[in-house]
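Asks: Here is what each chain is made of, one letter per residue.
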Amino acid sequence: MSPLVLVDHIPALPEVLLLVGACAVMIADLYVKSERRGLTFTLAQAVLAACALVTLLVLALSHPQKYYLFNGLFVADTLSHLLKLACYVAVWAALVYSRAYLADRGLLRGEFISLLLFSLLGMMVMVSAASFLTVYLGLELMSLCLYAMVALNRDSAVSTEAAMKYFVLGALASGLLLYGMSMIYGATGNLDIRQVADAVSRLAESDAERRFLVFGLVFLVSGLAFKIGVVPFHMWIPDVYHGAPTPVTLVISAGPKLAAFGMAIRLLVNALPGLAADWQQMLVVLSVASMALGNIAAIAQTNLKRMLAYSAIAHMGFMLLGLLSGIVEGNGRNAADAYSAALFYALIYALMSLGAFGVLLYLSRAGFDCENLDDMRGLNRRSPWTAFLMLLIMFSLTGIPPTAGFYAKLVVISATVSAGYIWLAVAAVLFSLVGAFYYLRVVKLMYFDDPVESSPLEWRPGFGALLSVNGLLLLAWGILPSGLLNVCLEAIQAL
Amino acid sequence: MLLSLAIWVPIAAGVLALAGGERNARWISLVGAILGFLVAIPLYVGFDLQSAGFQFEEKALWIERFAVHYHLGVDGISLLFVLLNSFITILVVIAGWSVIETRVAQYHASFLVMSGLLNGVFSALDAVLFYVFFEATLVPMFIIIGIWGGPNRVYAAVKFFLYTLFGSLLMLVAFLYLYDKSGGSFAILDWHRLPLPLGVQVALFFGLLLGFAVKVPMWPVHTWLPDAHTEAPTGGSVVLAAILLKLGAYGFVRFTLPIVPDASRELAWLMIALSLVAIAYIGLVTLVQTDMKRLIAYSSVSHMGFVTLGFFIFNAYGVEGGLVQMISHGFVSAALFLCIGVMYDRMHSRAIGDYGGVVNTMPRFASLMMLFAMANAGLPATSGFVGEFMVIMGAMQTSFWVALVAATTLVWGAAYTLWMYKRVIFGAVANPKVAALKDLDARETLVLGVLAFAVLFMGVYPLPFTEVMHASVNELLRHVALPKT
Chain A
9 MSPLVLVDHI PALPEVLLLV GACAVMIADL YVKSERRGLT FTLAQAVLAA
59 CALVTLLVLA LSHPQKYYLF NGLFVADTLS HLLKLACYVA VWAALVYSRA
109 YLADRGLLRG EFISLLLFSL LGMMVMVSAA SFLTVYLGLE LMSLCLYAMV
159 ALNRDSAVST EAAMKYFVLG ALASGLLLYG MSMIYGATGN LDIRQVADAV
209 SRLAESDAER RFLVFGLVFL VSGLAFKIGV VPFHMWIPDV YHGAPTPVTL
259 VISAGPKLAA FGMAIRLLVN ALPGLAADWQ QMLVVLSVAS MALGNIAAIA
309 QTNLKRMLAY SAIAHMGFML LGLLSGIVEG NGRNAADAYS AALFYALIYA
359 LMSLGAFGVL LYLSRAGFDC ENLDDMRGLN RRSPWTAFLM LLIMFSLTGI
409 PPTAGFYAKL VVISATVSAG YIWLAVAAVL FSLVGAFYYL RVVKLMYFDD
459 PVESSPLEWR PGFGALLSVN GLLLLAWGIL PSGLLNVCLE AIQAL
Chain B
4 MLLSLAIWVP IAAGVLALAG GERNARWISL VGAILGFLVA IPLYVGFDLQ
54 SAGFQFEEKA LWIERFAVHY HLGVDGISLL FVLLNSFITI LVVIAGWSVI
104 ETRVAQYHAS FLVMSGLLNG VFSALDAVLF YVFFEATLVP MFIIIGIWGG
154 PNRVYAAVKF FLYTLFGSLL MLVAFLYLYD KSGGSFAILD WHRLPLPLGV
204 QVALFFGLLL GFAVKVPMWP VHTWLPDAHT EAPTGGSVVL AAILLKLGAY
254 GFVRFTLPIV PDASRELAWL MIALSLVAIA YIGLVTLVQT DMKRLIAYSS
304 VSHMGFVTLG FFIFNAYGVE GGLVQMISHG FVSAALFLCI GVMYDRMHSR
354 AIGDYGGVVN TMPRFASLMM LFAMANAGLP ATSGFVGEFM VIMGAMQTSF
404 WVALVAATTL VWGAAYTLWM YKRVIFGAVA NPKVAALKDL DARETLVLGV
454 LAFAVLFMGV YPLPFTEVMH ASVNELLRHV ALPKT
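Just so you know, the protein sequences line up as chains A and B, in that order.
The first sequence begins at 9 in my numbering and counts up one residue at a time.
The second sequence begins at 4 in my numbering and counts up one residue at a time.
Rather than coming from a laboratory, the hints here were simulated on the basis of the structure.
It is possible that some hints are incorrect.
Some chain B residues flagged as far from chain A (calculated, every beta-carbon gap over 12 Å) [what the hints assert, rightly or not]: (1) Leu33; (2) Pro45; (3) Leu382; (4) Trp404; (5) Ala406.
Short derived list, chain B residues pointing at chain A, Cβ under 8 Å [unchecked claim]: (6) Leu41; (7) Glu67; (8) Ile146; (9) Val157.
In this text, all values refer to a predicted model and were calculated from it rather than measured experimentally.
Positions of the beta carbon are idealized from the N, C-alpha and C atoms, including for glycine.
Full structure from sequences and hints, please.
Replies: This is the structure we're talking about:
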């Protein structure tokens, strides 16, 4: 291989680096005694930092260009870099947040760290996919790692059941996705996303071809909806969120959502803009159903992890509002605004979700898992600062200014209104009102009720600091959202 | 710069009070509240009476993507509310001085942050900025009711929050629609000039109406108010009645009337009808209350009915009367809630039946409360009279019958306020606890005394309050009279 070819592959350097790093971590861990597992942790963090650095470098050099690599299988553009950076942060936060929890329960093994890094690699491949094959490759890499992680605590029946459920349903969804892809391949004769887009816009003119394409599209959207976790493909979410160890729930709730968003952009926006009128209609149904079911079912939960699972369903419904309002009657004038709104929503949601599960982990102790609503009782007495951070996160999830969650809702609803779906905007705000109730209940428990256990919470330096940054970032972006909004818009415009 | 200071000085003081710990919180808050009022005074002194436009404007790009600006400014309509709010905040801090014993820092911080946010609502000229301040005020109030409130506080706090959130979310959709139609502008003044067909105006009217009517609150969406007032601590009730209720009415003047003037004129009958129901029917409901705080809460609904009535009869008497009524109600209701607070701190009961003969043990208190009761009933020479009189005069120009129904409030108001006063203050001392009551201490006398002065001053010489409004109100009425379709 000549040096010039190597230079050409620089945009894929983060993936290469992570693959090498993950293997190195895996091997190094074999030689580390379990009481010195901190070494593996540090190494994994170093790998993440290196990847982040390289990604930033590539981003700075290439923006707003995009590069197709490996014979058009892989694309490196601003959106993929941005999503990768967000995934690094999510995985890094997951590492820091979960360390003490896992160590207390004897789960802090090398597998967790290497699986986490490999699932990250899967996410990166997903968001950089330029061909149906690559999408599938990345998706399976990520999902298989996650299945194993859910079953990390192998003595727990609940975890095992959740993993089984996740695996079976996940395999089904992958099958649906593959089936949809093969249909579209059959119609267009292509797997390359750019060429599929060309072929589809040509074929969509004829009714017979269009019917065939839409048939494939239905399967594609179903598979996608499963991975994003929206109604009616949501059944796995509450059980997996509930059954998985909290650190794994935290992992599943942030990075994979971003990757699924990236996949949706690749499959729907990049590959099938010609069928926008069809998939947008499907997304409308998915979105309304998710907002309704997610918010209403969450009210009945007493387990906080389950409540956050239903809240995740509702939030993904909101995120879809951005995706579905891009193209109005064949006119893509609104598209950049709408898709960047969805991107902003996904990023902010990941941050809120990290924070919420982070607080749960922060409150957990050896022998005590904080996962019921009642465990939040009187937190303001025990630790005003943690309670305040949770308050910010809860109000952000509700969408109350001045928190970032408000702007997330504002941008997607604004996109919906611009697309002319006024009724959808009204439905969205009404369901977010329903949602306000159960978020408020958490605030109520923390601030208005007396604690069950009155021991003050001890401050954990590294964890506490990162959690504070996480919470305060929601406030900071709630006061000055302009920068992040612009970044999202640029990333979408560079598609 | 001055407006920014009026917003951020109290908020900064609130954060400092939190950081300063329990022991210093009271003093930090007092200094912050006084500073907040001091920076608001130059707004009044330097205000140009001839100009109908916005003064003390500040404008900076805030969110580029949506062309949202940090745009502040006050006109004759909003100026007085900034002052009223900054003034009430001082009284609230003093009133909570010794009463609040748990989590003092959080208590005072909540009030100061809310005070800053409320100033923001009254001076925002950008719809997103307005909405951010408008919604953000829910958070501290929710906390205040929920932590320091009465026995049923959780129910009241959640009801308050969800009710008001419901209204404002639909208002947000209306805002986003206007943003889209105006070609990407959130500037309220651009929306004032935006031509809109009547059908759209009507739809927007209802969207905005829900947001503001819940806040006012208008009949029939008023039911959260008695609960919130009853359960809130004294300071919370004071701010709720004096300032928070004014947000809704202010929204009508700033948004509904100028943005959808044709729909406002078309649907004025509806607004007048709802206002009259609030005045007459809620007036009767007030009469039968047995809980003092609930009684004053219902009387607030009735008085706010006067305000909305004044706005939708479209003449200078009505609009100015409504604004004067808002300021006056700010003083009077604050004073009455403080009076009830004074009694509650001693007796831990709000039921009228537990009292009787208070004048025997608390003569100073009884005489001050007499004044506020009279003002609430709208006695001439108190501030309560001015606004009601102006609105009735304005209504008379539109329709005799409207004026007649509105004027019944003078009967109901006198009946429910004075009957309550009679049962609580006069009569024989039946309850041994009443016999042991101590009269007002220095701090309470100071707070109530200042309010008594304000009520009398405004009743005798309302010119300083009305003269700042003239130019802006006339401009508003001129604007509303022009068709915009």
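Asks: Please go over all the hints and tell whether each is borne out by the structure.
Replies: Here is how each hint holds up against the structure:
| no. | hint | in the structure |
| --- | --- | --- |
| 1 | Leu33 | holds (22 Å) |
| 2 | Pro45 | holds (26 Å) |
| 3 | Leu382 | holds (40 Å) |
| 4 | Trp404 | holds (37 Å) |
| 5 | Ala406 | holds (38 Å) |
| 6 | Leu41 | violated (26 Å) |
| 7 | Glu67 | holds (5 Å) |
| 8 | Ile146 | holds (6 Å) |
| 9 | Val157 | holds (5 Å) |
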